[in-house]
Each structure stands twice: as structure tokens, then as C-alpha cells.
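One line per chain: the protein sequences are A and B, in this order.
For the first sequence, counting from 1, position 586 maps to 586 in our numbering; every step adds exactly one.
For the second sequence, counting from 1, position 231 maps to 231 in our numbering; every step adds exactly one.
All the given hints hold, so there is nothing to weed out.
Okay, derived cross-link-like pairs now, DSSO-like style, lysine-lysine, Cα gap no bigger than 27 Å in a straight line: (1) A:Lys-184 / B:Lys-282; (2) A:Lys-472 / B:Lys-10; (3) A:Lys-413 / B:Lys-37; (4) A:Lys-456 / B:Lys-37; (5) A:Lys-187 / B:Lys-282; (6) B:Lys-282 / A:Lys-265; (7) A:Lys-456 / B:Lys-10; (8) A:Lys-172 / B:Lys-282.
To be clear, the hints were calculated from the coordinates, so they are not data collected in a lab.
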Amino acid sequence: MFFQLYRRQYNFSLDRKVYSLGILTFLTMGLDLFITIGGRAGDGSFLIGDILAKVFRFIGYDVLTYRDFPSNIRGLPTYYSVRASDKPIYAVKDFIDYLVTFELEAVEYFKRSYSENTVIIYDNSIKDIKDLDVKNYGVPFKRMSISSLGSELFKNTIALGVLTYILGIDEKHVLNILMETFMKMRKDILDKNIKAYRIGREYAIGNIEGREVAIKTIGRGGRLLLNGNEAIALGAIIAGCRFYAGYPITPATEIMELLIMHMPKYQGIAVQAEDEIAAINMIIGASYAGLRAMTATSGPGFSLMTESLSLAGMIEVPIVIVYVQRVGPSTGIATKMEQADTLQALFSGHGEFPRIVLTPGTVEEAFYMTTEAFNLAERIQCPVIVLIDQFIAQNRETVNTLDLSRVRIERGKLITSEVIGDYRRYEITDDGISPRTIPPVKGGIYLANSNEHDEKGYTAENPWIREAMVNKRLRKLEVAKKTLKELFPYKIYGYKDARIAFIGYGSVHGVILEVIERLNSKEPKAKYLQLMYLWPFPSEEINEFIHNTDKIYVIEHNAQGQVSELVKWTTGVGISKILKYDGRAFRPIDVLRVVENG
Amino acid sequence: MVSEGEFILKNPVWCPGCGHYAVLTALRRAVVKANLKPEEIVLVTGIGCSSRFTDFFRSYGFHGVHGRALPAAIGIKMANPRLKVIVASGDGDTYAIGMSHFIHAARRNIGITHIVMNNQVYGLTKGQYSPTSVRGFISSTSPKGNLEKPIDGVLLALSAGATYIARGFSGNLDQLIRLIEGGLRHKGYALIDVLSPCVTFNKLNTYEWFKRNILDIEQINHNPSNRLEAFKMILTSSKILIGLIYQSTEETFEDLMMSSIGGVPIDANISLGENNYENLIKEITSI
Ligand SMILES: Cc1ncc(C[n+]2csc(CCOP(=O)(O)OP(=O)(O)O)c2C)c(N)n1
Ligand code: SF4
Ligand SMILES: [Mg+2]
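Chain B with its partners taken away, still in its complex shape (with noise of 0.2 Å):
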């Protein structure tokens, strides 16, 4: 078996306290527990400081542009689904900016485990208000208090189709790594959204306040495989709901792919003399 130690790239620089120290060791041992090589694993950040956990972590990776992870994710995933592809990104990288390409990824379904650090702030350009960010929240873009409501990752993956969503907490390690490990063995679209406090742009939203303000879903009777009761936990509790929140069985968006096209893509052989292009040039020219 593969040890923690062979996903040490770098020790993680991030200011003292911040949430996502957390959420790093626990991706590594959660890839550990699913048995996973370096290899195997392609990590895909966008911008952030949670997007800097490609310099930490060892494996194939990919940093893209801010926004944008999901969508070269999705690319890498349906050129070669034997991959393991992880995105991290923060709250305003999947929230505000590629919130169009979290919503097509949750409904497509595609195989790729999906970690938010969600942090309620943008902390890489030192402490904006996020889509997250609660109503009032005080920021350098909301002097007088945020005027817009924030948005629930959670909620929103839930309506777009997500087949496994979950929600941890960077102060509840064992979980996370539970949480993580569960998205990186499900088939399909996972998102583990991670409450990651700032300890330095966010002075609202810190452990102590989560502390007071979570619920853990699985301490209290809930099926996460009923979608409608999903909803009505969300919807209905004065809480913020950790732990797997939903999972189902789907088809997968690789597993119709490779049915279609009959195997996998990286496989295809291109060269000229393995292939009839005659019918193709006859089909294409009759208009």
C-alpha cells in the first residue's frame, strides 16, 4: 500500500490556522485509504489559496485559471475515465465564477471528486465577500455589511442532480477524511463542500462560531439516499448540516460515453494505416 508521505510534495504554506491544512491532510489520507498511486491521480486546481494545494500535493497535476477547474477536469476525465480526478477549489472559484461549470458537472454526473473550501471569503486577494458570504458579513468590498444572500453549494448541487454531496468541517478531521474517501470511491459527480474558516479575512465564520452553529447530519436519523428528505433537512434546519447529505446510484457520464463511442478515448488507435477513413469521406462529401 501506497503511505501518506508518497502525496508530500511540498509542506503546505498557508497563514497559521487557516482551515485548509485540514483539508489537505485529509485528502491524503483519504486517497490512501481508496488505495490510490500518485500516478493515477490528476488533481485540478483553479485560483485561490485553497487552489494552491496543487504545489503541496503530490501527483499528476493540473492548476488551471480561476474558475475553470471543472472544466479542464471534465476534459482529462473523458479522455481517460481510469483516472482519478480530484478538484480543489475554493468557495469564489466554484461559487461566484464557475458556478455554471459546477452545475453542469453535478448534472452530468461525471466522475470527479469535487472538495470546496468554503470559506465564505475570497482569501487570495485579501479578504472580499464571496457568494457564501451571510448577509451583513463586513468586508474590503462590503464596508457596511454584504446586501446579498448567500448561496448553498449544498442545496444547489442537491437541485442540479449530484449523486453524492456532503459537507465537512475543517475542525472534524476523521470525518473530512471519511467524507473525502467516500467521494473519491463513489461513481459519478462528488461534491464535499468544507466549511475551511479564514482565520484571517473572515473574523465572523471561525471554529468557534461553527462549532456553534453545525449539525452533524449523521448523528441524527437521516437517510441520505432520499432525495426529498435531503431537501427537507436542508431546508428546514437552523443549522449547518455536516456530513453525507445525499448519495444515490446513477449512470455515470463516462460509463454512457464508453458505451457510445465503445471504449475509451486515450485507447482510440490514430494512426493512418489502423484506420478506414473511406466511408467517413463518402459520408461527409454526399452533403
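Chain A with its partners taken away, still in its complex shape (with noise of 0.2 Å):
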């Protein structure tokens, strides 16, 4: 019955207005469309993108983009998609509907993701394509580039002209844009463009039949356009961070970037260590001496940090790590997403000591969970890891206006002034959070000892010092679980007594989003539970989730499941996995169609 009822669903999706968004949007007739732009770097495709992404975005549409780039500067192909919508927008969509390319292979690249209202807008400078059972326009972006203005550099605006035009875009609006981003250069670059633009769409109104859509401005503007990292690189500094070290890396180098590039205003320090041993190490010690403090790596470079994960445990600094995964082992492919780093975040370190990991799944929950960041490691005095991963990072989505009154700075048991009397720093405690100086405060002399210590930080072996601090430090966990719950309440998605249940965290959060709306669309049969933090593992929240249910979906972006391990470890129940590690973004049709075939 119920796999019926999704046939005849998807079905109907082949109308192009509906496909991606179900019955809903099919009533309201909402408009979604996904464009990618191919190209090899260096074609300027990703600057279109942007543009694009901008101008859907100040005429109020929800914006969504999703790059595929290599790990070369040059030579290799290059796509960037953007979905705008009027509707809420959480993923990728499972086809394209406009392909516009500088290079004839993506037309093949992307042949699994065409529909019957694909459209392809492809360079035929140099040929045609013959043969094509996908609606095409070949447009000589290149020749007409070099013939008009001398260089083929501008071919990408060109393509923007010929776009926007199809798309029925009104022409100040992208005007606006183009003016935005190129007058930051100089003069006849933007002139060259604005001409370029007009080439390209005087071309499209003589050539290509008509407006296939005609967009409307629907005033939500005020909105922002921001990937993960800038979100984080903000959220530090207004969550009071004012001390960064870092190592290139991607895809975690933006952070570093922006921090050094505007936490000097704040009175703030980011620096570029000698690689991430220093860096965990630099920010262990600023974090000592009283700051705020974070770094933020990958894969590779969170390797190298583990060592002193364990330091920062055991001498009780807050620190802030932010975690980017990408495609692992070792080198693997460093601008694609992956959530196989995931156990490594939970539990690497040698000792037993309790840290903190967030799993935001969207770009504003990557701002204010970062925020949220620095006050969990201050207050329970412990290393937390903000752990995404290369698709919330890297790609860009409108954000609300972010809300800075819904930010707090609390510093927990930090002391500033003069202690009198007995000092304690390591204080055995019912929470097991001690009072915490900075040097050079009077009276609160103590030693951060990566050696098992006595209550002042000095080196003790004897084993009822050393239980009595093993229990201490693992009674902050306690602490952190009931903070986390206040926090972070579990969110449930979709129909609280649905049989079927959704488990999932990070990147793939938009996805799930996307497939429960489809199957609910006609009636109330699944849920979705969003990990917004895996450690402490939220097992209580979980076994009430999956209570009264008949098939547990666990989805993540790796090969092994693994967190459908520890939820199949938590709950003693069989879980399915749903997995995907080929680098690339779940699109809603690569789930359902695991759901459709049990």
C-alpha cells in the first residue's frame, strides 16, 4: 500500500514544476528549480554560481548551492549547482532542471540526474552535440566572448545573460549584481561584463523561444548568504574567541582565513602555526592564559591533534575544535564530503576523559552551535568538537538574519581576581567542574599537569588520588548530558507515531528533511530524529525515538554505518543503513529509493 502510494507520488513528480517538492508544492504551485554550472576551473563558472545564488537570494528565494570541484587549482572539471526556491529548501534536488556547461563531458557527467524538463544550454564553439534526447540549446559562449570583447574570458556572463533571460529573471536585479561583485574591480572589468551580460541575453531573446519561467520578486529579502565556515568564523568571534591557530587544510582553511582577516578588529589573535601538533598546543595554552580559543582542521590534521585532545582532558582547558570532514583514509579526496571521521571525533585520544561533539546540520546551527561552543567548554571545562563536514562548510545557503540575542557568553568557573585562602584548582567537586584561575591572578598559583594530579595540579601516582580524578573529570559528563538536553532538545520531524523512524546528523539532515516531507505527503508514516550532538551519545533520546516503530533508518555519508553502529549499540535493535560514500551529496531519490525497496 504504502509503497503504491510513493510510486504514484514520484510519478507525478515528472511534472517539472513538482518533482522535487511533492504533493504540496504541487498545490501551491511553488516554484524549485536546480541549475548546475559546468566548467573547468578557471571558466569562471563558480563566480556565475555566485551571482546566481546572489540574485535568487535578494529577490527572496531560498538558495541552496552545492559544489563539486577537485582538489587541483586547474584543469579539472568544476560544477556548481543552485537550487533557489520560493519554499523551504533543505538538499539537493534529485534533477537537474537547467545544465549550463563551457564543457561538452558534463553533458555526460550528469546523465543520471536528467528528467524529461531538463534543459541543457552547452558551448558549441567548437561542435555540436547530435543525438541528445534531453531538451538542448548549443550557444557559442566562447566565440561570441572573443569576437565582442576580445577575450573568452567573459564567456561565463555571457552564459549568465543567456540563463537569467530563460529563467525570466528580471534584468535590474541581476544588473544590481553584477554591478555588486565586479565594482570591487576595476572599471572596464565591469563594464566588459555588463556588456557581456547584454550579449548573452539579446542572444537568448532572439534565439531561444521565450521565457520558460518568469520569476517573481516574493520579498523575503534581508536574508544571508553564507557557507558553514563563515558561519563558525563568525560565530568565534562573537562568541568572544580571540585566539586562533590554525593549518591550511581543506576543507577548514576558510576559517583560518577569516578569522586572521578580521579578528585583529576585536582585539583578537589568529595565527598560521607550523602544523596542527602547534596548533592544538597554542590554543591549549592561550586557553590557559584565559582566552578564548579554537582551531579548526580535517581528517589529516585532527590525526595529528589527538595527543593533545588528550592533554586538554586531562588538565581541564577549554578548547574548541572544529572538525571538517572529507573524504578519508589519508589524502582521499580533500573537497568532498564524507562523515567517515565520525568515530574518530567521538572517541580518539588515549584515557578516558570527556569531550563534547556537536553535529550541526545547517549553516545557521553550525553559527549558533559554535557559539554555544565556547560555553560548554568553559563551563564544563573540556575539549568540544564542532564536527561537519565538507558540504556544510563549503557550500553556501540563505540563512535568517542571525539573532545575536540568542547568543550568550558564559565563562562557568572562571576566577579573575585575587583568591584568598586555600586554592585548589583541581578541587574534587560534586559536578567535578573546579574553580579555574589565570595566570598572573593572585593567590590562584596551580600547575596544568598532564601528569595524574592531586587537587593542585601536582603530580600524584597514589591510587586513591588518581580514582578519586578519573571519577571527578567523568562526573563532568554527567553534567554535559543534562546541558546538552537543555540545550539541545531533541528535535522530531515529521509524524510523532510514524512506523517508520529516520536517524541522522550533519550533512545529511537536509536530505531526510526533504524524503519525510515526500512521504508524508499523502499520509503520516514516517519521523526523522536530528542528532544535534553525538557526545555524550544521546542514547536516552534514541530508544525513546525508535519506541513503536517498524523499520529504523540510519543514513550517513560513509561505508561502514557508523553510527548506525552505536544506535544499534545503544538500542540492541536492527537498524538499516542507508550509506553513501562516493564523495558526493545524497539527492532525496538515492534514499527513497533504498525506502521503496524495503
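Mind assembling these two chains? They're in different frames, but the hints should get you there.
Encoded structure:
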């Protein structure tokens, strides 16, 4: 019964205006476009992708971008997709609506992403493509650019003119964003780009049948276009982070670049260390001295940091580590997404110590959770890892205006004025959290000691101190559990009593939202638990959530189902894994197909 | 003035005769002479017999992990340049596992007084050869004699751009105090490599051996402000030089940092009400 219904919906969905949003959208006639721009690095496809995203944001659409690019600088194909809709969107779409490409190989590359409604606009300067069973137009972008502007550099802006005409976007909006983009550059570059845009537009008017879609402004401006790395850099500064040390690594580097650029304005210092081991030790030192401190890295760098992760755990210094996962093992594919370091984030480091691992699922969550990460680190006095992946880090999406009144700064048991009487930095307390001084506070002298230590921090090896200290540190996990439940009460999407349950975290969040929306479009069937943090592991929440369900799916971007296994371990019930590890984002249809086949 | 006693946390426990005793004494006396108070000092150590300093010396302390005392100290110094940051470490800690941090600290010229207790062996792990062990040195991991050439921390520091480079000897306390005090007063990164015999695991480089093989550079005509001269002295001397080998005045990392960010990071007001983030949001979100 259920599968039939689903198929019906899917057939419906071949209507181009409907297919990815399901019944609801069909009824409201929403507009939902998925546009991919293909080229080689250097073709400027990212630039017009960004411009397109900005135009859609400006006229009030929800925008989500998806960049598929190689880890070298030039030569190989790069693809920039923009999804824009007048309804909330969470993931990439199943099929491409418009493919604009400067390279013919893109036509082959995306063949699994075409529907009956796909339109391909390709550069036919070199040759025409024959026998393509998808609607297509050949446009001599390169030739026009060379003949009218003396260089092929402007073919991307010509393509923008063609595309935005077909889409029916008002010329003034495109011109606005073009001006904004090229204003910072030389005047003649701005002029040439405007000319290129007009050439494209004129060409389309003369050669391409009418406007396919007429896009109206829907007055939802004022929102931001942001990616995860930007959101995190912003969140860090606003949360009062005034020290950053890092080492360049894709896809986390932008965080360091942004902080080096902006932190000095707030009297903070961001530095490029000689390696990740130095970076983490520098932030531990800065935090010991009283600053809110952070580093950001990816798998290879985090692996180097793990020895000192244990150090932070042992000396109870608050630090924030942003962990942007990419494809591994080893160098893997530096510019592609994966969630295969999840267990490393949860369990790496020798010895037992508390840590917190936050897993934002959207750019907006990445911002707010980063600000909370600093509070958690200082309140619990432990390392906090903000775990995302390349998808959230590097793809821009529209975000509501950031609400700074939601940001708080809570520094926990930090002492900054003279301590009178006997001070014990590692005092055994009920909640395991002890008062923390910083140099040069009078009366607050202590030793931050990687050796097991007594309450003052001095090396101690006797069994009762050892045991008491282990217990003290681990008691903080209980506080962490309680605090996290308050901060991030777990969200169930879909129908509470649904029999099909989805569990996911991080970059699969959006795709699961779209999947359950489609599954539930006819009748209540599915629900979804978003894991906002993975450590302390939310066992109770998961057990409660799966109660009275027939089927539990855990969806992850890795090959072994790392969190699936943890869910199995904590619930003792059978779990179905839906996994993807080709470095590319799940499309809703990838998940739906698995669900459909049982 | 603060007395030496203020810097005593515990009496040290090393093997009787260990060179590190004299270094600890020298440090305590040097901080008194340099007019420092326990609260304003952060002593940072790695791991090794030498790194046990933090258990004996009273001040703010940071006993980190093997080889990484310097980056932690750098983080502390950048956060609050008003603190006097001292690193005490061993030859293994500094010149093996922590080598790159040593070179980078030197070239950053960041204000850290770095005392390396160089006993040409790994003491704490019970007697393996170290990067400063001489060729042929017999140890538990070089039973037939060390095959590798030793490295010279002083020479490396000089080429890496350190601005205060000295070598002391545990058997020469007065000079050692002076060299450490000089390092404490110096602006920028100061290396004091100390020949500090391990009486238990290094039977070759003993006090007597050093007495025969060192040359006090301060007893001969040497101008410590001449870098080329310093290179020449080190490279041509048949003996191990002790004393102040090189010192120059250069901008420190913390000075450059403070002028670029307009103050000291620890003084930054982080409260939300006191900061205007609107422009920041605009700048970051306008792609
Ligand atoms: C990552 C790591 N590797 C190895 C060790 C073991 N270890 C402790 S101290 C030490 C060498 C110490 O030698 P040195 O720095 O010369 O100090 P000394 O004991 O001679 O004063 C080693 C290898 C460790 N603690 N951590
Ligand atoms: S083993 Fe060597 S370095 Fe360690 S305390 Fe004994 S003499 Fe000193
Ligand atoms: Mg040694």
C-alpha cells in the first residue's frame, strides 16, 4: 500500500514543477529550480554560480548551493549547482532543471541527473552535440566572447545573460548583483561584464524560444547567504573567541583565513602555526592563559592533534576544535564530503576523559552551535568538537538574519580576581567541575599537569588520588549530558507516531527532511530524529524515539555506518543503514529508492 | 624583593649528582635577580627528567606533553605578553620530537626564555641515545655505538634567527645564573642550552669530561652582537663553547602582534554589548 502510494507520487513528480517537492508544492504551485553550471576551473563557473545565488537571494528565494570541484587548482571539471525555491529547501534536488556548461563532458557526467524536463545549454563553439534526447540549446559562448570582447574570459557572464533571460529574471536584479560583484575590480572589467551580460541576453531573446519561467520577486530579502565555514568564523568571533591557531587544510582553511582577516579588529590574534600539533598546543596555552581559543582542521590534521586532545582532557583546559570532515582515509579526496571520521571524533585520544561533540545540520545551526561550543568548553572545562563536513562547510545557503540576542557568553567557574585562602584548581567537587584561575591572578597558582595530579595539580600516583581524579573528570560528562539536553532539546520531524523512523546528523539533515516530507505527503508515515550532538551519546533520546516503530533507518555518508553501529549498540535493535560514500551528496531520490525497496 | 624561597615548591628529586639540580637552583636565583614574582611567571615544560621542573618550581605551571612545551608557551605568551614565560625542557624534548617548534620559536623571536637541559641522552626513558649524543655513543638503543652525527642546538638557533643564544654548564653555577637572568631580561626568544650531565645514563659526557672539553667564550675576545663572528666561533672551535654566544635587538613577535591588533588579546572585551558585530556580519556575508 505504502509503496504504491509513493510510486504514484513519484510519477506525478515527473511534472517539472512538482517533482522534488511532492504534493504540497504541487498544490501551491511553488517554484523550485536546480541549476548546474559546469566548466573547468578557470572558466568562471563558480563566479556566475555565486552571482546567480545572490540574485535569487535578493529576490527572496531560498537558496542552496552545491559545489563539486576537484582538489587541484586548474584543469579538471568543476560544477556549481544552485537550487532556488520560494519554499524552504534543505538538500540538492533529484534532477537538474538547467545545465549550463562550457565543457561537453559535463553532458555525459550528469546523465543520471536528467529528467524529462531538463534543459541543457552548452557551449557549441567547438562542435554541436547530436542525438541528445534531452532538450538542449547550443550557444557559442566562447566565440561570442572572443569576437565581441577580445577574450574568452567573459563567456561565463554571457552565459549568465542567456540563463537569466530563459529563467525570466528581471534584468535590473542581475545588473545590480553584477555591479556589486565587479565594483571592487577595475572599471573596464565591470563594463565588459555588463556588456557580456547584455550580449548573452540579446542572443537569448533572438534565438531561444521565450521565457521558460517568469520569476517574481517575493519580498523575503534581508537574509544572508552563508556557508558553514563563514558561519563558524562569525560565530567564533561573536562568542568572544580571541585566539585561533591552525594549519591550512581543505576544507577548513577558510575559517583560518577569515579569522586572520577579522579577529584583529576585536583585539584577538589568529595565527598560522607550523603544524596541527603546534596549533592545538597553542590554543591550549592561550586558553590556559584565559582566552577563548579555537582551531579548525580536517581528518589528517585532527589525527595529529589527538595526543593533545587528551592533554586538554587531562588538564581540563577548555578548547574548541572545528572538525571539517572530508573523504579519507589519508589524503582521500580533499574537496569532497564524507562522515567517515565520526568515530575518530568521538573516540580518539588515549585515556578516558570527557569531551563534547556537536553536529550541526545546517549553516545556521553551525553558527549558533559554535557560539555555544565556547560556553560548553568553559562551563564543563573540556574539549568541544564542532563536527561538520565539506558539504556544510563550503556550500552557501540562505540563512535568516543572525539573531545575536540568542548568543550568550557564559564562562563557568572562571576566577579572574585574587583568591584568598587555600586554592585548589582541581578541587574534587560534586559536579566534577573545579574553580579555574588564570595567570597572574594572585593566590591562584597551580600546575596544569599532563601527569595524574592532586587537587593542586601536582604529580600524584597513589591509587586513591588517581581514582578520585578519574571519577571527578568523568562526572563532568553527566553535567554535559544535562546541559546539552537543555541547550539542544532533540527535534523530531514528521509524525510522532510514524512507524518508519529516520536518524541522521550533520550534512544528511537536509536530505532526510525532504525525504520525510515526501513520504508524509499523502499520509503520516515517517519521522526523523536529528542528532544535534553525538557525545555524550544521546542513548535515551534514541531509545525513546524508536519506540513503537517498524523500521529504523540511519543515514550516513560513510561506508560502514558508524553511527548506525552506535545506535545498534545503544538500542539493541536492528537498524537499516542507508550509506553513500562516493564523495557526493545524497539526493532525496537516493534515499527514497532504498526505502521503496524495503 | 621576592626571595628565592618563594619559588620553592618542593625539593627536587633527581638522581644524586644529576646536572638538573644546578639548573633549577640557577633558575630560582635568576628570577629573583630579574625581579619577578611567582604569579607573573608561567613555567612550561614538556616530558623528561628535565621537564620535572614544574613539580619543584613555584609559579604558574604548565606541564604539557613530550616535545610540545614551546607551542603551549607560545599560546600563553600571545594571549598575554605581560606574563614571563619560561620553558624548561630536555635535549630529546627539544631537538628530537619538538625540533620544528624550536626552529619556529626562534624565527618568530617570541619572548620566551627557553632552558634546554642537554645531557645528550634520554634520561627519563632510561638511557637511549638522543639527537645530541656523539657518534659512537653506547646506549640501550645504540649498543654498538650511535651511527648518527650529533646536532648543535646553538648553531641551529643562530641560523634560525634566535636573538639570544647562550650555553651554560651545570658545573658553573654563577655563570649559569647570569646567562638565565640575561635570557629573562632579553626581549625576544632566548635559548640557554645547558650542558647538564646525566650521571646515570651518560657515562661519557661527565662533569670531568666537560671540564676538559669546554671553552668559556667570555674569557676570550668575542663580540656577541656579531652574528657572523658567532658562526665562525662555533664552527671553528675544537671545544664546546659556553657563555653568551650571540645577542641582538630585534622586534619581537608580541610587539608586532600588539601593534597590529591594537593591544593585548587578554584585555579584549568580549562582552556582546561592548562589540559591534554588524559590520563583521556584512563583510563576511557579502561573499
Ligand atoms: C609522544 C611521546 N613519546 C615518547 C614519550 C616517552 N618519553 C618521555 S621523556 C622522553 C625523552 C626525554 O629525554 P630528554 O628530553 O632528553 O629529557 P631528559 O630526561 O634527558 O632530561 C621520552 C622519549 C612520551 N612521553 N611521549
Ligand atoms: S636519569 Fe639522568 S637526567 Fe634523569 S634524574 Fe637521573 S641523572 Fe638526571
Ligand atoms: Mg636528555
